[in-house]
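Novice: If you want the building blocks of each chain, they are given just below.
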Amino acid sequence: MTTRGERLAMFASGLLLGAVLLVLYAPVAVGALFSVVRLQRGQILWDTASVQAYVHLLDNADILTALGTTALVAAVAVSAATVMALALALYVQSEGAFGRGFLELLVYLPFVMPPIVTGLSLLLFFSGLGLARDIATISIGHGVFVLAILYRTILVRLQSLPPSLAEASADLGATLGQTFRYVTLPYLRSALVTGALLALTLSFDETLITVFLAGDRMTLPLRLWAMMRVGFTPEINALITLVILASIGLAVGVAARLRGAGRLNV
Amino acid sequence: MSRAARGLLFGAVALLPVSLVLVPLGAFLLNSFYRVESNQIVRDLSLANYAAFFDNAAYWGVLLQTLWLCGRVSLICLLLAFPIAWFVWRQPLSRRYLLLLLIVLPLFMSYIVKLYAMRSILGLNGLLNQMLTGLGILERPTTALLYNQTAILATLAVLFLPFVVLPVFLSLERVPASLLQASADLGASPLVTFRHVVLPLALPGTVAGVLFAFVLALGDYITPQMVGGTSGFTYGRVIWSQFGLAYNWPLGAALGVILFLVCGAVIALAGAVSRRRRV
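So the sequences go chain by chain: R and F. Numbering-wise, the first sequence is residues 1 to 266 according to this note's numbering. Numbering-wise, the second sequence is residues 1 to 279 according to this note's numbering.
Hints listed in this document are in silico derivations from the structure and should not be mistaken for laboratory results. Glycine included, every Cβ here is placed at the ideal spot set by N, Cα and C.
Listed next, the stretches of chain R that the computed footprint assigns to chain F, with coverage defined by at least 3 CB atoms under 8 Å from CB atoms of chain F:
(1) 22–33
(2) 105–119
(3) 124–136
(4) 220–231
(5) 237–248
Construct the complete structure from the given sequences, taking the supplied hints into account.
Specialist: Dropping the structure here:
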């Protein structure tokens, strides 16, 4: 049973949610709309509609290079971080492991610290080593940043692995390596994929750390930022529409994987 | 496994996290004690950079202003996020997670793209101005929408709102249904139940979410620059400028260490609050 007051509160907060969703999704809508049409004095010129902006993107060497850099960085950072996160989770869950709290602190720190601190500390570290800023330094920055989400996803799954499975495997004469290969790894597969997808989305968009580590290299967000400072063009709108669609695709992929598999307790 | 083997294993696992997280943080801290002389970094240890922060009102003043700005961002996020999370929580299960997904999805959209969109909505030739002039509400486009503190406030709130809705919703979801029924059975009105059952149980998650948004806003240095223009000189930008034009890395590092400490304190506070009341 609901009272009048409660219904009123529901109505008001529902209205608020609607308004907020409108504002949250305005970026997608505005970008997508103005990638195909032009606006003049509040009038949308429907007859100018065209997909030319998207075609022009393919001719823009700067954007294609930036896209390549972003993809390479994401691939390197996420695969390295996945292996590292797996090793860390296995170690932390192993019997008699010490320094658990210390390791977890190091894993979570770059994720919860302001990105400017993570970026700066890596910048100062690399320049102290005399390492030039390039794809490698960006990849390290992204790897350190996404490690937390991968570690957390893998650990939660690993904690739900019944110890009896590993024991049964050992009883049947399997070596540690065989147990890992045929029991643990298949059990962790879905967590590894989910974590990697989440990490890819983060790496794809990472800007605040990357700025410090990129030098003259441009990832896609950095290229977008540089283009933004110049002005608004249909090409930028086309590009951001594609970028947003890609991010949403990845995120929906993650959400679909999480359904039924239990919530992600980060 | 022997002690030595355990130590070796720990060393192997800890090697990368230590060398890529702990050592850089050490380098960061160390650099904050250096100084710059005629564009060269001098590796003498001193507290001069920290003294400069406390001596110069331009530095600590900006930090205070930024804290105030982020406080208001958090407050806006709280006032919007709580009713929204409550609404989603009161929905039937089938609709609940779809709504939640809709709210959280923007977090995965590119940060730079959202800034770009805010600019293209608020700018002089932006959507809002075009609409207002098109409808005849404004005679000519106004510059009042972009490049001021209000624009930064609105943009940061839009960026971080989902981060607050999520923890508030999760803590509401943890309120046992039996408590709500018991409260109703004892004759409490929905308002009384909300005040004495729901609110106290949801408070820790809410505080944690709000403080999280606060830390995120505090560390941001691109938003104030992109939508705040010259009036958006925040602490993050002061740090950032030491690595660009000003070229004073040691001072930038010292200012960064101060930011790190402030954020650490806020996160510790959030952790303490959310642990205190957990059932």
